[in-house]
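Chemist: Put together the whole structure using the sequences plus the hints.
Protein chains in written order, with my numbering: chain A, 1 to 393; chain B, 1 to 63.
Since the hints were made in silico from the structure, they are not lab data.
Incorrect hints may appear among the rest.
[What the hints assert, rightly or not] Cut-off 30 Å, straight-line C-alpha distance, at most; resulting in silico cross-link-like pairs (BS3-like, lysine-lysine):
id, chain 1, residue 1, chain 2, residue 2
1, B, 56, A, 78
2, B, 26, A, 311
3, B, 56, A, 351
4, A, 59, A, 78
5, A, 48, B, 56
6, A, 311, B, 28
7, A, 376, A, 354
8, A, 107, A, 78
9, A, 78, B, 30
10, A, 107, B, 56
11, A, 88, B, 56
12, A, 377, B, 30
[What the hints assert, rightly or not] Covered, in the sense of this in silico footprint (three residues per stretch, anywhere, with C-beta under 8 Å from a C-beta of chain A), are these stretches of chain B:
id, region
13, 16-24
14, 27-38
15, 41-55
[As the list claims (entries may be wrong)] Sample of chain A residues with no beta-carbon within 12 Å of chain B, all distances over it, derived:
id, residue
16, 153
17, 214
18, 251
19, 353
Keep in mind the model is a prediction, meaning the values are calculated, not measured.
Quick reminder that beta carbons are idealized off the backbone N, C-alpha and C, glycines included.
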Amino acid sequence: MDPKFKIHIYFMMDMNEYIHLVEPDYYTRFPPLGLLKLASYHRARGDKVSLMRGCRKIKSKQEPSRIYITSLFTWAWKPVWQAVRYYKQNYPKAEVWLGGIYASLLKSHAEGSGADVIWSGLFPEAEDMMPAYDLVPNWKSTLLFASRGCIRRCGFCSVPILEGQINRVKYSIRNLIYQGHTKVIFFDNNILTAPNWREIFHELIELGIRVDFNQGLDAREIDDDVASLLSRMRIDPLVRLAYDYSNVGYYVERAIKTLKEYGIRGRDIMVYTLFNYVDDPEDFFRRVRDILEWGAVAYPMRYEPLNTLKKNSYISPRWRREEVEMVQEARRVLGYGGAFPPYPALIKKFKLAKDFQEAFSLREPTPRRIISSSMKKRIKEVAIEHGMLNRGV
Amino acid sequence: MNRWQIGSEVPPRVCLCCGLPFDEGKRKRKGPYYGQPYIWVCEWCWEQPYLYFPDKDQKDETI
Numbered sequence: 001m002d003p004k005f006k007i008h009i010y011f012m013m014d015m016n017e018y019i020h021l022v023e024p025d026y027y028t029r030f031p032p033l034g035l036l037k038l039a040s041y042h043r044a045r046g047d048k049v050s051l052m053r054g055c056r057k058i059k060s061k062q063e064p065s066r067i068y069i070t071s072l073f074t075w076a077w078k079p080v081w082q083a084v085r086y087y088k089q090n091y092p093k094a095e096v097w098l099g100g101i102y103a104s105l106l107k108s109h110a111e112g113s114g115a116d117v118i119w120s121g122l123f124p125e126a127e128d129m130m131p132a133y134d135l136v137p138n139w140k141s142t143l144l145f146a147s148r149g150c151i152r153r154c155g156f157c158s159v160p161i162l163e164g165q166i167n168r169v170k171y172s173i174r175n176l177i178y179q180g181h182t183k184v185i186f187f188d189n190n191i192l193t194a195p196n197w198r199e200i201f202h203e204l205i206e207l208g209i210r211v212d213f214n215q216g217l218d219a220r221e222i223d224d225d226v227a228s229l230l231s232r233m234r235i236d237p238l239v240r241l242a243y244d245y246s247n248v249g250y251y252v253e254r255a256i257k258t259l260k261e262y263g264i265r266g267r268d269i270m271v272y273t274l275f276n277y278v279d280d281p282e283d284f285f286r287r288v289r290d291i292l293e294w295g296a297v298a299y300p301m302r303y304e305p306l307n308t309l310k311k312n313s314y315i316s317p318r319w320r321r322e323e324v325e326m327v328q329e330a331r332r333v334l335g336y337g338g339a340f341p342p343y344p345a346l347i348k349k350f351k352l353a354k355d356f357q358e359a360f361s362l363r364e365p366t367p368r369r370i371i372s373s374s375m376k377k378r379i380k381e382v383a384i385e386h387g388m389l390n391r392g393v
Numbered sequence: 001m002n003r004w005q006i007g008s009e010v011p012p013r014v015c016l017c018c019g020l021p022f023d024e025g026k027r028k029r030k031g032p033y034y035g036q037p038y039i040w041v042c043e044w045c046w047e048q049p050y051l052y053f054p055d056k057d058q059k060d061e062t063i
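Modeler: See below:
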């Protein structure tokens, strides 16, 4: 039966149920936003809910009638399958629903997990509900989407497939901030191309709350107007941009320059730099060098295909494995927390290097690190978010 | 079904997985894979053991 049809039947039922929510045991820094919204949705129906991470015995004496399991990156499918099997085996009366990013991108693979229902995309009835943050009491930031989707069609990104064009636009987020939270984290994929960005920015300035545009801001959209409003916000930890292709270099340079003119320091601008995709090592080297010369922090991001089942396995035809490993090694040795901050010795190294090999070679003595403690703190926060420090990358 | 790839109304000339142009050799076009992230891919990408395609035996599918 079409799961969407099942929901309508479910709506018509008038009995309180026990719903169990599971986040599989993969690395993530954020609480499972979708599950927290589902928790609110079920509570609104009068159901009892519980949330658990990994495969563990449910504390309640009541058997759940339904178990929702979420998923994240496609390469983290094994803990998802383990969770499905564990709960199917131990709670055979419960209907197991599997959703989330992996389940949406690789639906036919996810079917092999044995879940009763594979859910693709958002759960519309729950999407606009306040997430049940009481289930994650140690978490102190509100996670938000002021818009979904993106106007771009980048081949490395799952957003055009999962969310399409800009949609579900909200013109105010004031009422979506959970009481007691001191920070708002936006997961919008491209907020500056959504029609509501100006209203949202003014509201954030008025609220004076700490803000993180976690998925980055589109450098092509940053002008005086945007930079002026950003400079009046409490950005925490830093402004994130991306320099994924060499042909957007002009816009990235202009964005960094404009942000600096409005008082945002270069060390507070982190530029994600995609590699191992359609670029080659020399193109990547030039982009990192550009970012350092423009005075911002370069954060290399290794491309992973959207259907990969194993992390860090894919090597683009334009790269060699040794070259990809050189980048990873240079991040550990030359960089800080996986990023290349614009400290003078590193700028000099990249400026004098004639090619990728010379820039990323570690044979020469490591440049002396001149990083302020606040810069270290910011880079460390972002590195932890990406799991770089935890995995010792 | 006439949408070959998101945002495109004609078959793509490059494999969106690796970014290289299709040819008649090892980058021969394979597909379509509707409901998958890449509708058309090249044979080289298809052959990578860790990349999932529904018509392929994945050896590493045990947990």
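Chemist: So which hints don't hold here, by number, going up?
Modeler: The structure breaks hints 3, 5, 12 and 16; every other hint is satisfied.
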